[in-house]
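Can you make the complete structure from the sequences, with help from the hints?
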Amino acid sequence: MNTRPPTLEEVAQRAGVSTGTVSRVINNARHVSEKSKRAVQNAITDLGYVPNTAARSLASQRRGAVVLVISSDDPALFANLFFAEVITGVNAVLEETDLHLMLLLAASQRGRDRFGQVLQSRGADGVMLLALKENDPLSKMAEDSGLPAVHGGRSLDRAPQWYVDADNRGGARTAVEHLISTGRKNIATITGELDTHAGMSRYMGFREAVVLAGLSDKRVAHGDFSESSGAAAMKLLLDDHPDLDSVFVASDAMATGALAVLRERGKRVPVDVAVVGFNDIVTAQHTQPALTTVRQPIEALGREMTRMLIRLLNGEQPTSLILPTELIIRDSA
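The letter at position 169 of the sequence shown is residue 169 when you use full-length UniProt numbering, and the numbering goes up by one with no holes.
Keep in mind that the hints were calculated from the coordinates and are not lab data.
Keeping only pairs whose Cα atoms sit at most 25 Å apart, straight-line, the calculated DMTMM-like set for lysine to aspartate or glutamate is: (1) LYS218 - GLU134; (2) LYS218 - ASP239; (3) LYS235 - ASP217; (4) LYS235 - ASP272; (5) LYS133 - ASP144; (6) LYS235 - GLU264; (7) LYS235 - GLU193; (8) LYS185 - ASP331; (9) LYS185 - GLU264.
Encoded structure:
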């Protein structure tokens, strides 16, 4: 005999409404029609559903705010258009709600302590985490708090329950396959930080493409996604591999730095060296030459993270998302 108690989803199915509507009825929220209330109440009675009192208590103590936590303490972070576009997406969705946005930079111990204080004091109703590195403690801190948490991207060491990510590996592979299709054989890469899921995935996409084509995967230099690191890595590649004829760069910011070095060294792009970036930030079409790049829907990443968190706050069980990427061909490759 099955004695398993009914779930929120089963109540919603019986009532013919969403799980979010069930949660709003249970928590006496506004903006629920009388018809939906009656349907939910009847379903609860029919199924013998017992609401989680702890969840109801938490819902009644909502702070009306969510926190976006970025694993960085670099003041130059906000000059990085990737993060600016993510925040734009987050804000676009929050404008349709009564929720406010808190922003926290938390790579240092001091930043992590501030995050811990927010969690302990229940200063936010939910958490969004971005730019986590391998073994980053922020993920476990959020998990242990019991607050709903959505990750932007994934970490290398653990798969979060709820995340929104882009197809980094597939996008990188497509970029390198494009270089191969144009006849390039001595292909280099400038990686992002390899202790991040995005950095490692883009590197693996590069390796897959060149190895499958029977080409060398040894022309590698490492960056940290910043423009300055892209310039430094490009110098190393030109010194160590003067025969290179193309380079896949794991971010547009680094590609901008690489293009500057190629001009300094008298290399014509794309005649001597073709360049492909990743992200398709706004400035990619204004570089000289305009940058061929892999477009990931950055603003959509912020929007979908926020929508997922709101669904969690409403008692729903959303599904994690992998957003598609697209190769945008311009003049640099």
